[in-house]
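Peer 1: Each chain, written out:
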Amino acid sequence: MNTPSGASGLVAEGVTISYGAVPVVRDVSLRIPDGGFTMIIGPNGCGKSTMIKAFARGLRPAGGRVMLHGRDIWSYRGREAARRVALLPQNPIAPDGISVRGLLRRGRYPHHTLLRQWSPDDDAAIGFALERTGLNDLAEAQVGELSGGQRQRAWIAMVLAQQTDLLLLDEPTTFLDIAHQYELLELCRELRDEGKTIVAVLHDLNQACRYATHLVAMRAGRIVAEGAPAEIVTPALVEEVFDLRCEIVPDPQTGTPMVVPEDRRRAAAAT
Amino acid sequence: MTPIRAVSPRGVVTFGRAVAIPVGRASVVVVIVTVALIVVAAVATLSLGRLGIPLADLPGAVFGGAEGKEAFVLERLRGPRLAVAVGTGAALGLSGALFQTVTRNPLGSPDVIGLSAGAGAGAAVVALFLPGVLPVPVGALVGAVGAMALLYVSTGTGFRNPGRLIVAGIGVTAVSTAFTQYVVYAVERDRATALTAYLNGSLAARSWEHAATIWAVLLVVAPLVVLVAGRLVIGEMGDEVAAALGAEPARTRAVSVVLSVVLSAGAVSVAGPVAFIALTAPQIARRLTGGPGPHLVSAALVGALLLVLADLAAQQSPVPGNLPVGIYTLAVGGLYLGYLLTREWRKGSL
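Those sequence lines, one after another, are chains A and B. Taken in order, the first sequence gives residues 4 to 274; the numbers are from the working numbering. Taken in order, the second sequence gives residues 34 to 383; the numbers are from the working numbering.
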C-alpha cells in the first residue's frame, strides 16, 4: 500500500460536473471507504458513471475537488495518479491486432518513463494479472477474437497489471452472461480481500447488495443514501431512487437484502 | 559503456540501466527491409536513363566527388530531387500516421481532410500574389492551419468523430481547391502554368534549398514526435482508458495534430500537395508490421520509399513532358482510397 499518510484514498468534496450547461453531478461529497467494495447504484442518467470517471481524472469537476490520498487528484502528474487509481470504463477500445499480453503491457504505462518503457516488474505484474483472471492460456491470443466474457477478463487483467490500490469499474458486468457476471464479482471480492479498494457502478441491485460492503444510491446527480446494504436498502429507498415498488426479502444464500419488484397486475387487482 | 543488448526474450533494447525500450521483431525487419529498398530505389534514381551515372561510377561519384556531367546530375539535377523525395515522403508518412492514429481512422488523413489542399491554397496565394513578401513555406503553413481551423469548427465536435471529420474534410478540400483555382485564373497564364505543376505535387527542378527546408522540418518535429509517441499508443484505447492511464488524451491529440500539420505543410511547401502518400504509407506500414501501435518509424520510411518510387516512375516514364510525380501518386492512391472507403462502408463505420 503506498498510502503516504492516514488520508483516505478517494474523497469527493462537493463535486459538481456538467456536460454543457446541465449539471449531471450536483455538489456530491463521498468518502470511499479504504479496503471496501463500494458499489454505486441508481437509474440511468443519475450521474453514477460520471462520478466514477471523476474519481480517475476522466472528467474534471466544474466545482469541488476529488482528493486522492489527501491531495487534489488534478495536482498529480498523469502517470503518478495512474499508479494509485485504475479505471475500467464501459467501452474501452481494443486496438486492432493487439494480443492479451500486449493489452496488459499497456496497463504498465504509468510505471514507465520516456527512456524506460520496460521494467523487470512488468513481467511479474502481467503474470499476476493473467493468473488472477485465468487468462494464462490466452496470453498470446488476439483480444478481438475472444468471447465477451474472456474479453472483459482481459480488460480487468489490464487494470490489474496497473497495480493500483484503488480499482474503479464502470458497469463491468453489462455485456456478460449471468455466470460470467458472478465470476467477475467473485474475482472483485477476492481482490478486495487481498487489500484492494474497489468501486463499481452496477445495475443489478441484488448483486450490489450481495457483494458491496458499502452501497451508494444516487438519483438526479445527488446521493440519496449510503451505507451497508442491509442498513439502507428498504422498499422506501428503492421507490425513491428507481420509482419501483418492491418487497425486500433476505437473500436465501447470504441473508443480504433482495429486491422483489411488485407485480403491477396483482397490485391493481388487490386495490 | 554498456553495449546495446537485448535482455528479454521479447526483445527489449537496453542501454545501461537508464534505457529499456521494447522493440517488436516485425518492426525491426520492416525498418531494415524498407531502408534497403530506399537505397535500391535511390541508386536506380541516380543511375537509370540517358543522364544516369553508370552503376560502376556511382560509388566514386557519391563518396569521392564527381566531375563534369556526373557532377551536374548528382549535385544539381537528381541529387537534390532525391533528397527532397526522401524527406517529403517521410514527412508525409509521419504526418499521416499521426493524424490517422489521433482520429482512429485510416481516412482521417491530411490529404483526405483538406490539410494538403489548404496548404496548397496558402502556397498559391503567397507565390502568386505576394511574391518575395513571404516565403512559400510560410504560406503553406498558414493555409494548412487555416484549413484545419475551418475543419475543426465545421465538424462541431473537433477531431473526435471520424465520420464527421471526413465529410467536413471533403468540404474543406473543395473550398481550398476552389480558392486555389481562383488564384490560378486571376494571374497571368504562364505563371499559372508553372503553378499547376506545383499544385499537382512535383519534384522537378528541386534545389538543395528545398531539401534543406524539408529536412529541417523533419529534424525539428521528429524529437517532438518521440515525446508524444508513448501517449499516442495509449490513446488508441479510447480517451477514457488513456485518461485513466495518465496519457492525457486531449493534450496528446492537440500536440499530434499540430505536429502533423507542420509536417504536411513542410512537405507541401517543397513539393506541392503530393496526393495520398500520407493516406497510404501508414496503412502499408501497419499491414507490414502487424499488430497495434501507430508504427511511426515504419510509416515515415514507407512514405519515403513510396515517394522515391513514384518519382522514379515519373522521371523514367515514356510519357513526353515529364508528368509531375503527384499525378502518379494520385492515380495509384485514388484506387486505394476507393478500396478503403468501400471497406469502411462495409464495416459500417462510415
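Derived by calculation from the structure, the hints in this document are not laboratory data. This one's a predicted model, so the numbers in the text were calculated from it and none came from an experiment. There could be a bad hint or two in this list.
As the list claims (entries may be wrong) - If you want the footprint, here are the derived chain B segments under chain A, 3+ residues with CB under 8 Å:
{"id": "1", "stretch": "112–120"}
{"id": "2", "stretch": "276–290"}
Claimed, not checked - Residues from chain A that keep clear of chain B, each with C-beta distances beyond 12 Å, as calculated:
{"id": "3", "residue": "G81"}
{"id": "4", "residue": "V88"}
{"id": "5", "residue": "R109"}
{"id": "6", "residue": "E229"}
{"id": "7", "residue": "D246"}
Said to hold, decoys possible - What follows is a set of in silico ranges between Cβ atoms, one per label pair, in the way DEER data are often shown:
{"id": "8", "chain 1": "B", "residue 1": "V68", "chain 2": "A", "residue 2": "N139", "range": "45 to 53 Å"}
{"id": "9", "chain 1": "B", "residue 1": "V186", "chain 2": "A", "residue 2": "R63", "range": "21 to 29 Å"}
{"id": "10", "chain 1": "B", "residue 1": "A283", "chain 2": "A", "residue 2": "P46", "range": "43 to 51 Å"}
{"id": "11", "chain 1": "B", "residue 1": "A51", "chain 2": "A", "residue 2": "N139", "range": "43 to 51 Å"}
{"id": "12", "chain 1": "A", "residue 1": "G147", "chain 2": "B", "residue 2": "A69", "range": "39 to 47 Å"}
Glycine included, each C-beta is placed from N, C-alpha and C at the ideal position.
Peer 1: Please write out, lowest number first, the hints stated earlier that are contradicted by the structure.
Peer 2: Result: hints 1, 3, 4, 5, 8, 10, 11, 12 break, sorted rising.
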